[in-house]
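Asks: Here is what each chain is made of, one letter per residue.
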Amino acid sequence: MKLSEICGRLSVEYTGDEIEISGLNALSDADKSEVSFLEKPKYASQLSGTRAAAVFITQEMASKLPESTIALIVEEPYITLAKASAFFAPKRLENSGDAPSIGEASVVEPGAYIAAGAQIGQGCHIMPGVFIGNNVRVGDNTVLYPNVTIYRDCEIGNDCIIHAGTVIGSDGFGFATTKTGEHVKIYQNGNVVIEDDVEIGANTTIDRAVFSSTVIKKGARIDNLVQIGHNCVIGEYSVLVSQVGLAGSSRLGRNVVMGGQSATAGHLEIAPFTTIAARGGVTKSVKAPGLYGGFPLMEHKRWLKLQGLLSRLLKK
Amino acid sequence: MKLSEICGRLSVEYTGDEIEISGLNALSDADKSEVSFLEKPKYASQLSGTRAAAVFITQEMASKLPESTIALIVEEPYITLAKASAFFAPKRLENSGDAPSIGEASVVEPGAYIAAGAQIGQGCHIMPGVFIGNNVRVGDNTVLYPNVTIYRDCEIGNDCIIHAGTVIGSDGFGFATTKTGEHVKIYQNGNVVIEDDVEIGANTTIDRAVFSSTVIKKGARIDNLVQIGHNCVIGEYSVLVSQVGLAGSSRLGRNVVMGGQSATAGHLEIAPFTTIAARGGVTKSVKAPGLYGGFPLMEHKRWLKLQGLLSRLLKK
Amino acid sequence: MKLSEICGRLSVEYTGDEIEISGLNALSDADKSEVSFLEKPKYASQLSGTRAAAVFITQEMASKLPESTIALIVEEPYITLAKASAFFAPKRLENSGDAPSIGEASVVEPGAYIAAGAQIGQGCHIMPGVFIGNNVRVGDNTVLYPNVTIYRDCEIGNDCIIHAGTVIGSDGFGFATTKTGEHVKIYQNGNVVIEDDVEIGANTTIDRAVFSSTVIKKGARIDNLVQIGHNCVIGEYSVLVSQVGLAGSSRLGRNVVMGGQSATAGHLEIAPFTTIAARGGVTKSVKAPGLYGGFPLMEHKRWLKLQGLLSRLLKK
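Chains as they are written, first to last, in our numbering: chain A, 1 to 316; chain B, 1 to 316; chain C, 1 to 316.
Accuracy of the hints is not assured; some may be wrong.
Unchecked claim - Capping the alpha-carbon separation at 16 Å, the derived lysine to aspartate or glutamate pairs in EDC-like fashion look like this:
1. Lys91/A / Glu109/B
2. Lys315/C / Glu299/B
3. Lys315/B / Glu299/A
4. Lys179/C / Glu236/A
5. Lys185/B / Asp159/C
6. Lys185/A / Glu299/B
7. Lys218/C / Asp159/C
8. Lys185/C / Glu199/A
9. Lys218/B / Glu182/A
10. Lys91/B / Glu109/C
11. Lys185/C / Asp159/A
12. Lys64/C / Glu39/C
No lab work stands behind these hints: they were computed from the structure.
Please put together the full structure from these sequences, using the hints given.
Replies: Below, the structure is given as structure tokens:
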């Protein structure tokens, strides 16, 4: 889509060259065919390094952009981005396009739906009621139990098992809120990538990224009713016990274990080989591996000490 | 159904006039074609104002009913109500009746099931594996992702998006328990009403009301794996983050934000523009807008102060 | 499968008699046609009483086995068991075998899938999108709402109601972890048994047992989005409110009530007629009935006292 068309539809002033724009992206990830935005001053340091073609930005901040990036002056950059995201949303389901390809010895049971452009590897088992969207890629020897939904453009590796009712690639919880309290949807144009040898329980939900990918790395084990927000990255062989909730952009190293009902706030990292006890609430990044628990999070031995202290106080 | 028939099937004595009864309802909401009940003395003050045709009630309380309301004397009013609720339960799925109507430019994908009497507006997209029950009404430009289930008699507005696996209108968690500890189902004969421009995530559950409606108002945003109990009312533009749990009859004002894994006890109100932090447990009504957290709930700054206090105590 | 074949495929030394092995089981439950394992020294006391045909065990522990039980010496018994579990996993879905039998006056709606060998009683209602696996048995007058999934070999009683999207019999969260942190799946070859008059809400998950059965006893009431781990036993008329999470091998007595978002650690018991308040975290067995809450769990009145104490400390 031409930048002039984007700006025209948003009533944003732009009189420069005709540039073809492929999509939207974060400031730090955008390439020269993409448009980005800056809303919060605390991210202003990212402006000088961006390679974005253009950025929705307020008048005050615009001077900090590199010369190679076009400033698109708006009053509310995040709201403008939200509106622009709709222009790049692919169709939910296209019936045209290549027939899906199904590998040798793969079985697709009756009542499964596989959309145009999907590619299923060899030796897979797709059970009744499964939905596989456009252009989804599934590796070899992967099993999808009944009523699993895989949204378009997601990728599933080899030797994966996904249990019944699980949803992969639903929209992340993204919206911009106007001054009067209304919400404008930010279309989630990224996807989910699940690597090889991952097992996922029943009725779990893994949201697609707003840009780029939510990633579940090789060998991870995810239990039932787990929520994984958009743009999370789950490290190799990590273990997420039932009812864990990971807010958007949580990044877990390899072999992280999260106990039942534990959770993270968003935009943080957990060091490899860290264990979060059941119910632990991770409020900021965990930099040293170890055993943590409580809410707000603390070393687990400190949490035990706290319980002992409270117990003694009650006896007084 | 005639009142005499209801009483006959329940072995409740009744020798008065033949009255046609349309259903059951709460004391304060029942009209003169409905039957209600009183179990707990604390609700006795509602007796004098009721317009119910008849009320299941104990001998002791019966004298407090207005003259226009018939006292149906029973030992266990709640158990009797539970048994009566079965008489008014509609059929789960009727194949007879009007063929569903599908508006112009709406697409119903293969493998979706739309029951008799359902009405789908214009420009909707109903994806594979969706179930839409009898008499459901869906507005215009609404999207139902794969494997969504909408139980009978529910209403969905215009411009809504409901993600995969979500269940709207399942039975509320209602039963009366006998003295010997057995449970008698209270049929949930209400519905769910979702207004315009509401987006709901994946594998969320919204229960139908026991009487009248569970209501999700205009512009609300609901994330994945959220539980909304029967008879809740969610205000305009409210935001419920993943794994929130709202017990029955929670009433949220407009622009209430509930953080991840936060929850409410039932039968309470939250003031408009209130924010409940992640994990907050709302144990009674919140009357002043603000930021709250913790369990039991407190002002969030108080919760932070408490964490500081505990931290200092541990250092001693 | 012959024991010699099992050992051959696992590269475990075995030169004894040809014995036919029917499956794997826990030390205390295995019969003389089954193989078991011992990994943790704390369970060594179970060795002397086992009736297992053979046990995967380390050299050090082997001498404690009774003479009638064959010691299969391995370095990592749990990993070996995990590998062996794959040999006994039945096919996910078999199209051969007896056509399913459907009782009189039962209705199977279009879009439901019932696998070979399944037996549905009389007066049942199987709604669209339901999946019923091989050899599942469903009693009389049971209702399965849309998009419910029942995995193979599970049993559902009479007069049950299972709401939309619920998954019964998905694999328990079982795996053995190697020294280098990789996970080997333990195939879950047990099932789920649901007795009569049980109602289960929407999008709940109940995992099948690794060996034997996960059991939901007569008259239990289970709400939406509840997680029940493998090998749990839920007592008669117990009540599990929404978002409860029960870790594997939790055993609840009759009429146990678990409030919303409460949870258990695994391998523990809760006495009959116990109530766990909302959010309570059951960290060890509850032996005396009563009202408990908090995390770690305590008597609820103690929890209230603790909140009062903290409140007073904050005022100082």
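Asks: All hints, please: hold or fail.
Replies: Verification of the supplied hints:
no. : hint                : result
1   : Lys91/A / Glu109/B  : holds, 14 Å
2   : Lys315/C / Glu299/B : holds, 14 Å
3   : Lys315/B / Glu299/A : holds, 14 Å
4   : Lys179/C / Glu236/A : holds, 15 Å
5   : Lys185/B / Asp159/C : holds, 12 Å
6   : Lys185/A / Glu299/B : violated, 30 Å
7   : Lys218/C / Asp159/C : holds, 10 Å
8   : Lys185/C / Glu199/A : holds, 9 Å
9   : Lys218/B / Glu182/A : holds, 10 Å
10  : Lys91/B / Glu109/C  : holds, 14 Å
11  : Lys185/C / Asp159/A : holds, 12 Å
12  : Lys64/C / Glu39/C   : holds, 13 Å
Comparing the model with each earlier hint shows a violation of hint 6 alone; every other hint is respected.
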